[in-house]
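Novice: Given the structure of chain A, go ahead and fit chain B onto it with the hints provided.
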Amino acid sequence: MHGMPPSPCCGDDAGEAGPGAEAVDLGLWRLPAGLREVKPMPLIEVRHVTKIYQLGGEQIRALDDVSLDIEEGEFISIIGPSGSGKSTLMHILGCLDTPTSGTVKLDGVEIQNASPRQLAAIRSRKVGFVFQFFNLLPKLNVFQNVELPMVYSGVPARERRQRVMDALKQVGMEHRARHRPSQLSGGQQQRTAIARALVNNPRIIFADEPTGNLDSHTGEMILELFCQLNRQGRTIVIVTHDPEIAAVTPRRIEIRDGKIAGTLDPTLAGLSSSGQPARPSVPVGSSATAPSQSSS
Amino acid sequence: MDLRSAIALGFKEIWAHKFRSLLTMLGIILGASSLVAMSALVKGMENGMREALAAIGGLQKIRVQATDELPIWQRHLADQAPGLTLHDVWALKASAPLVTKVTPSIELFGFRDWERTVITYGSKSVRPFVFAGTWPEALELNEHVVAHGRMFNEIDDAEARNVCVIGTGIRDELFGAPEEVGREIIPIGEVVRIRGQPFTIIGMFQHYESEQARRERQLRQPTPQPQETGPKRSRGWGGSRGGGHFVFRLKNYTVYIPLNTMLLKFRAVTGTNAVADQRLTNLQMKIADLDLLEPALQQTRNVLLMTHKGIEDFSLITQEEWADEIATQIRNARLNRGIIAGICLIVGGIGIMNIMLASISERVREIGIRKAVGATTTAIFTQILIESLVIAVVGGVAGLVASYGLVQLIAIITPSDNAPVITALSMVVAFAFSAGTGLLAGVFPALKAARLDPIEALRYE
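Chains A and B, in that order, are what the protein sequence lines are. The letter at position 38 of the first sequence is residue 38 when you use the numbering used here, and the numbering goes up by one with no holes. Adding 1000 to a residue's 1-based position in the second sequence gives its number in the numbering used here.
Rather than coming from a laboratory, the hints here were simulated on the basis of the structure. This structure is a prediction, so every number in the text was calculated from the model and none was measured. Misleading hints may appear alongside valid ones.
Claimed, not checked - Using 16 Å as the maximum straight-line C-alpha spacing, the simulated EDC-like pairs for lysine to aspartate or glutamate come out as follows:
#1 B:K1124 / B:E1173
#2 B:K1101 / B:E1137
#3 A:K139 / B:E1366
#4 A:K139 / B:E1362
#5 B:K1124 / B:D1172
Unchecked claim - Chain A side only, calculated, beta carbon under 10 Å to chain B, not exhaustive:
#6 S87
#7 T88
#8 H91
#9 D97
#10 R117
#11 A121
#12 I122
#13 S124
#14 R125
#15 V127
#16 N135
#17 L140
#18 S153
#19 N200
Said to hold, decoys possible - Footprint (simulated), chain A over chain B, 3 or more residues, beta carbon under 8 Å:
#20 1376-1383
#21 1451-1459
Idealized CB from N, CA, C, for every residue including glycine.
Chain A extracted, bound-state conformation (with noise of 0.2 Å):
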């Protein structure tokens, strides 16, 4: 993507990490001898995840034993070409789908065996989506869509135009609440569709090639926002092909023929370079096992 900021734009703020980092620090610091900091529980948690897809008489192995962690506060790519499983990953790390075999624990609930009901209400309260076609509903104005989580989540409607407003506030858009879609840019689709994904506060939001049908200055915006929000503790996903887009997010992981291929992670050094936990960190006892991020 030309006129993209050579240094991933959220890196920067590790140095200048607020009260969180600090209070990283201070448990490291009041570690006594012999315990090692362990992490609390990851966000997201997968384990030997297996997708096999039906197409006609032929079995397709999407996914092949991944596994891997998302802790609470991550700005995360998942990369790879078309057809390497990586929307199939995102499908069921956003509780869209669920594996053929392997677990899967979203907010410690595991969802693998969970109901369409069940994970319709994870949906709609802990996961957030952003699509590359937007996927607004071109008969609702901008309020209302952005509204649509909360009207499914049973959110009371004298709360909802308070949230709807200051998600609109958050993404730039209050003042196109009355629009519809087909009124607004690409960027305003986006950033709508963003404020969607943002309204029931959800504990991640997946973000499946938001900048595929944007300019590349309009998607450098989009970028600015996903990270801005990550800066604000959100916990982000972005599923892309694009290498450069991915440079953007502090930990990659590619995904190649329904395996994890390779991951960049700063968060093996210890310390999250962009997502500080938003809960501080427990010292716990040595038998608790490290997450095994890196498990390909």
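Specialist: For chain B alone, coordinates are given in the frame of chain A:
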């Protein structure tokens, strides 16, 4: 998703596809309105029939008719049969407490020309349907109302005065109908000849007609009468002066005279019989309570068998069969027309289902988006179901409004004696049926939409 926003969404969908929704609704509109219209027609028919039944005295009126035919085992006693007489009237009054009113009546009728009663005034003549000598109570028993003059009283009867009370039909024939003359003629005080004897008209009944006939008459514009062509002739029954049902015709062509006048003037001097024939043609009675119809009939029979020395030369006549017939006819009509309206509604329901199926395959992506942002299967199901229900309910309401027009249209195309009556019940039923149709028609499309896989739906172009 709460119900209110789901309903609002349903209306929005309708509004977004106005023409399509209108076409869809048309089926339901036709179904609901035809249901209401059909039941209005049946109700009108029922009202007309009941009106006629009430006009003749209702179910509570019982007639005791003298018969020449005896039961076969009493044939040899025929010469001792006393016939109905005033003794029966006294006996019934004294011994049949379930019978509240009894009135004797002698009717002169016959089938051959010289037996018929002819009333003349000047050069005009008329043959009444009913020419009866009776008591003043006959007025109440036969639901007659004297509009002009008075009914004859006990003194008229005791003195056997030559007075008569006539129906408007008789007046129309002898003096001219209001429609023809342009004003209403009240012939009180005029002297007419009944079977050649002079009678003074002292009273005239009101004009009897069905509700519908009355309304029609009031609305009718003074149009020029169609020219009579060809030789002068009778055009048969059911002429314009009918006033609706046959019953009303019969009542309008009634002439009542006092019973004693009848006995002295017509029974004593006819034929070779110099002594008045005391036998009555019939007794008219009213019972207190319809629930006690059978005990009342039993009492009547017991009393009459006593006075008739056990000879059964009378028969009891009630209107039950007529009432039953009305019930049967109404039931049949309801069934016929209900089936037609039901078919209309089913067709309407199929239309809704068709459109909903088309609509969801058009909105696969929308459903996918809704599911992705957290809509449950139930929420999608409810949404589609409510959309279908909203179409049906709006169609149903429109159908109720349309039914007024439809009823008017039917009344114009096929005028009948009975004005259709739109009842609240039929509207409630029509509305409930159209809503039910919408609900049923929506279930399958809603299931189909709810079962869509969100990933597939999002990928759908």
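Novice: None of the hints should be skipped; say for each whether it holds.
Specialist: Against the structure, the hints come out as follows:
1. B:K1124 / B:E1173: holds (7 Å)
2. B:K1101 / B:E1137: holds (8 Å)
3. A:K139 / B:E1366: Holds: K139 of chain A and E1366 of chain B sit about 10 Å apart, inside 16 Å.
4. A:K139 / B:E1362: holds (13 Å)
5. B:K1124 / B:D1172: holds (11 Å)
6. S87: holds (9 Å)
7. T88: This hint holds: T88 of chain A lies near chain B, its Cβ roughly 9 Å from the closest one there, short of 10 Å.
8. H91: Result: holds, 5 Å to nearest chain B Cβ.
9. D97: holds (6 Å)
10. R117: Cβ of R117 of chain A sits 5 Å from chain B, so the hint holds.
11. A121: A121 of chain A check passes; min Cβ-Cβ to chain B is 7 Å, inside 10 Å.
12. I122: Given a least distance of 9 Å, the restraint on I122 of chain A holds.
13. S124: Holds - the Cβ of S124 of chain A comes within 10 Å of chain B, reaching about 2 Å at its closest.
14. R125: With Cβ-Cβ at 7 Å, under 10 Å, it holds.
15. V127: Result: holds, 8 Å to nearest chain B Cβ.
16. N135: holds (5 Å)
17. L140: Interface hint status for L140 of chain A: holds (9 Å vs cutoff 10 Å).
18. S153: holds (6 Å)
19. N200: Hint on N200 of chain A: holds, closest Cβ of chain B at ~7 Å, below 10 Å.
20. 1376-1383: Coverage by chain A holds for the stretch 1376-1383 of chain B (4 residues, Cβ < 8 Å).
21. 1451-1459: holds (count 3)
When held up to the earlier numbered hints, the structure conflicts with none and fits them all.
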